Amino acid sequence: MSDQATPVFAVHEVSRTYAQGRVHVPALVGVNLAVAAGEFVVLAGPSGSGKSTLLHLMAGLDQPDHGQVVFAGTDLAALSEDERSAIRRLKLGVVFQAFNLVPVLTAYENVEYGLWLSGAPRTTRRARVDRALAAVGLSHRSAHRPDHLSGGERQRVAIARALVNDPVVILADEPTASLDSVTGLQIVQLLFDLNRGLGTTFVLATHDHAVMARAPRVVTLADGRIVSDRRAEAP
Amino acid sequence: MLPLIALRNLARNRRRTLLAVLVVAAGSAGLLVTAGFVRYSFDGLSEAIIHGGLGHIEVIPAADLAESVLPGERAGRPPGMNQWADVRAAIETQPQVRAAGAVIQFAGVATHDDRTASFVGAGNEPERMREMDIETRLRAGSGLPDAPPAQGADAAIVGVGLARALGVSPGDTMTVIVSTVDGSLNAVDVRVTGLFSTGLQELDARMLQVHLRTAQRVLGTPLVTSLVVGLTDDAQAGRVEAALQTALSGRGQPLTVLGWEVRAPFYQQVRGLYLGIFVFLGTIVALLVVLSAANTLLMSMLERTREFGTLLAIGTTRRQLAALMMLEANWLALGGGAVGCAIAVAVSAGLDLLGIKMPPPPGAVDPVDLALMMLPGDFLWAMVVMAMILSVAAVPAILRLVRLRIVDALGHV
Numbered sequence: 616m617s618d619q620a621t622p623v624f625a626v627h628e629v630s631r632t633y634a635q636g637r638v639h640v641p642a643l644v645g646v647n648l649a650v651a652a653g654e655f656v657v658l659a660g661p662s663g664s665g666k667s668t669l670l671h672l673m674a675g676l677d678q679p680d681h682g683q684v685v686f687a688g689t690d691l692a693a694l695s696e697d698e699r700s701a702i703r704r705l706k707l708g709v710v711f712q713a714f715n716l717v718p719v720l721t722a723y724e725n726v727e728y729g730l731w732l733s734g735a736p737r738t739t740r741r742a743r744v745d746r747a748l749a750a751v752g753l754s755h756r757s758a759h760r761p762d763h764l765s766g767g768e769r770q771r772v773a774i775a776r777a778l779v780n781d782p783v784v785i786l787a788d789e790p791t792a793s794l795d796s797v798t799g800l801q802i803v804q805l806l807f808d809l810n811r812g813l814g815t816t817f818v819l820a821t822h823d824h825a826v827m828a829r830a831p832r833v834v835t836l837a838d839g840r841i842v843s844d845r846r847a848e849a850p
Numbered sequence: 022m023l024p025l026i027a028l029r030n031l032a033r034n035r036r037r038t039l040l041a042v043l044v045v046a047a048g049s050a051g052l053l054v055t056a057g058f059v060r061y062s063f064d065g066l067s068e069a070i071i072h073g074g075l076g077h078i079e080v081i082p083a084a085d086l087a088e089s090v091l092p093g094e095r096a097g098r099p100p101g102m103n104q105w106a107d108v109r110a111a112i113e114t115q116p117q118v119r120a121a122g123a124v125i126q127f128a129g130v131a132t133h134d135d136r137t138a139s140f141v142g143a144g145n146e147p148e149r150m151r152e153m154d155i156e157t158r159l160r161a162g163s164g165l166p167d168a169p170p171a172q173g174a175d176a177a178i179v180g181v182g183l184a185r186a187l188g189v190s191p192g193d194t195m196t197v198i199v200s201t202v203d204g205s206l207n208a209v210d211v212r213v214t215g216l217f218s219t220g221l222q223e224l225d226a227r228m229l230q231v232h233l234r235t236a237q238r239v240l241g242t243p244l245v246t247s248l249v250v251g252l253t254d255d256a257q258a259g260r261v262e263a264a265l266q267t268a269l270s271g272r273g274q275p276l277t278v279l280g281w282e283v284r285a286p287f288y289q290q291v292r293g294l295y296l297g298i299f300v301f302l303g304t305i306v307a308l309l310v311v312l313s314a315a316n317t318l319l320m321s322m323l324e325r326t327r328e329f330g331t332l333l334a335i336g337t338t339r340r341q342l343a344a345l346m347m348l349e350a351n352w353l354a355l356g357g358g359a360v361g362c363a364i365a366v367a368v369s370a371g372l373d374l375l376g377i378k379m380p381p382p383p384g385a386v387d388p389v390d391l392a393l394m395m396l397p398g399d400f401l402w403a404m405v406v407m408a409m410i411l412s413v414a415a416v417p418a419i420l421r422l423v424r425l426r427i428v429d430a431l432g433h434v
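Residue numbers (this note's numbering), protein chains in the order written: chain A, 616 to 850; chain B, 22 to 434.
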């Protein structure tokens with residue numbers, strides 16, 4: 616396991632308010648969070664508690680109104696959009712609730728896309744895509760397009776896509792919410808295995824109690840604030 | 022990888038893509054057909070002008086240039102080119118010169134029975150004109166004899182309109198009255214051997230032609246108005262014109278070399294009119310294609326808002342997404358343009374097969390073939406134009422893309 620003391624993400628006093636018409640809705644209020652390398656952190660809380668907003672800010676998809684989101688020592692707000700894109704391309708993996716695969720690409724091509732963006736040569740791409748698909752147990756479905764895959768298979772492809780660049784952190788927003796409970800558990804187990812096997816840091820938003828029960832660290836949000844930060848005792 | 026994604030994206034909504042391809046195809050076919058017809062018309066007109074009497078090049082005394090560059094407007098001026106046989110010999114040493122023929126432009130009055138009409142005449146050398154591939158379109162009778170006519174055996178061919186005005190037909194004799202170079206009046210009886218048409222009503226109503234010798238005799242001068250030069254290749258006219266200008270400089274009598282386009286204002290007017298129509302139609306076609314394709318691309322972009330959000334979220338830059346949209350537009354241009362080229366070729370072949378005639382243009386006499394002249398470069402040109410038009414059509418979708426907020430896009434349903 617990587618060094619638990621090295622912070623990969625440091626979220627300092629972050630607030631974010633969204634305008635809904637003339638009403639301003641605070642999504643996050645003064646949130647502080649540190650995520651160390653190799654951690655598996657679950658962001659828990661009911662819908663509207665601010666989990667997805669926090670993930671979006673950590674992925675550099677949105678900017679806080681106040682405070683800082685520091686990734687590997689760099690304030691994301693201080694970077695240009697192209698620099699944030701490069702971080703997402705090379706150092707972060709993102710997994711969505713609805714899989715968000717490109718429907719016109721096969722499973723293989725969906726996973727390969729991120730490597731192509733980073734300019735990896737074809738032979739490297741082939742080796743790494745094969746490895747990523749094998750890691751999620753989908754080598755035999757690589758030629759299929761998303762509409763010919765089950766929900767669980769699609770989410771595995773999305774995880775392989777997030778994994779393929781060997782990211783420092785994978786941010787996953789409700790990755791089991793669109794799956795049945797059995798498939799959801801399989802996916803969660805896969806994420807835990809990848810965390811343990813590859814040392815990849817995971818930050819996962821969910822309100823799935825089965826996931827929370829097994830997570831080594833659960834940060835609970837309510838009304839845009841962190842209300843608890845529970846760490847499981849080391850086995 | 023982007024071209025592949027762009028192509029597959031177009032295959033998502035096949036009906037919409039097919040419609041867009043058909044719009045682009047119709048646009049490119051429309052442009053090609055219009056351009057082909059315009060080129061065919063220009064080519065036919067220039068052919069008629071050059072080989073109908075004007076020749077590729079005309080060499081005139083520089084002093085006559087002040088009068089007019091138009092042969093018809095120099096008809097009232099006495100012939101002024103001396104030593105023209107030497108000049109002709111110099112001209113005919115130039116490569117690509119088929120032959121040079123002496124011409125006298127003159128004006129006067131013709132009478133037959135109790136009818137009188139003014140005319141603009143041309144005295145020329147029939148054999149030389151034939152060598153230059155300059156043909157007179159005879160409508161009745163025969164052309165002028167090649168040999169210089171003996172005194173009292175002068176002949177003329179008459180424009181069909183002038184012949185109608187004078188009531189003459191082949192075999193009749195009429196009297197031609199002109200003002201000689203010293204200002205006195207002179208008349209000669211000429212036998213009408215044939216009637217001809219220039220293709221233009223206005224000229225047919227005034228023109229007659231006689232042998233150069235007849236013109237010199239009746240005008241009382243050994244000089245000529247100009248030398249008309251025929252070339253072996255129409256495309257070389259500009260180059261030979263420049264070469265002759267150099268070759269003929271420094272002679273005792275300053276001479277000027279005129280290209281055929283300068284002496285054919287009608288051609289320039291028709292060209293201007295047709296090009297104006299082509300640009301107008303082309304603009305409308307381009308506008309329709311832009312609006313239609315812009316709608317297709319914008320719809321396609323809006324339907325994929327969430328997907329674009331995902332692509333941005335996994336590290337795609339906005340420039341790459343703009344390139345993706347531009348590629349989709351250019352795939353449409355390529356597909357539609359190719360279909361359009363095929364349609365234009367089919368239309369051209371169909372018109373050739375059917376042999377359709379168009380009514381004579383204003384002022385002209387003969388109906389015009391409805392045909393197209395398309396060169397290989399036209400197809401490339403049409404594809405490039407369509408690519409440019411579709412690139413413009415992609416702009417609204419690209420502007421939406423570059424302004425897209427990733428978080429909003431991911432939440433787009």
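Please keep in mind that the hints were generated in silico from the structure rather than gathered at the bench. Be aware that one or more of the hints could be misleading.
Some chain B residues well away from chain A (every beta-carbon gap over 12 Å; in silico) [unchecked claim]:
(1) 33
(2) 115
(3) 159
(4) 327
(5) 330
(6) 397
If you only want the chain B side, here are some residues facing chain A, beta carbon under 8 Å, derived [what the hints assert, rightly or not]:
(7) 26
(8) 29
(9) 208
(10) 326
(11) 328
(12) 331
(13) 335
(14) 336
(15) 338
(16) 425
(17) 428
What the simulated footprint calls covered on chain A by chain B, stretch by stretch (three residues with Cβ under 8 Å from a Cβ of chain B suffice, anywhere in the stretch; the number is not a length) [to be verified]:
(18) 673 to 679
(19) 723 to 736
Bear in mind that the values here come from a model prediction, so they are computed numbers and not experimental data. Cβ coordinates follow ideal geometry from the N, Cα and C atoms, glycine included.
Hints, one by one, checked against the model:
1. 33: Violated, because the least Cβ-Cβ distance between residue 33 of chain B and chain A comes to about 6 Å, which does not exceed 12 Å.
2. 115: holds (61 Å)
3. 159: Non-interface label stands for residue 159 of chain B: nearest chain A Cβ at 69 Å, farther than 12 Å.
4. 327: Per Cβ check, residue 327 of chain B is inside 12 Å of chain A; nearest 7 Å; violated.
5. 330: Incorrect as stated: the minimum Cβ-Cβ distance to chain A is 8 Å, not above 12 Å.
6. 397: holds (35 Å)
7. 26: It holds, given that the least Cβ distance between residue 26 of chain B and chain A is near 6 Å, below 8 Å.
8. 29: Interface hint status for residue 29 of chain B: holds (4 Å vs cutoff 8 Å).
9. 208: At about 89 Å, which exceeds the 8 Å cut-off, the nearest Cβ of chain A leaves the hint on residue 208 of chain B violated.
10. 326: Result: violated, 12 Å to nearest chain A Cβ.
11. 328: holds (6 Å)
12. 331: Holds, about 4 Å.
13. 335: Constraint on residue 335 of chain B satisfied, holds at 6 Å.
14. 336: holds (3 Å)
15. 338: holds (5 Å)
16. 425: violated (11 Å)
17. 428: Given a least distance of 5 Å, the restraint on residue 428 of chain B holds.
18. 673 to 679: holds (count 3)
19. 723 to 736: Since 7 is at least three, the answer is holds.
Hint check: violations occur at hints 1, 4, 5, 9, 10, 16; the rest are consistent with the structure.
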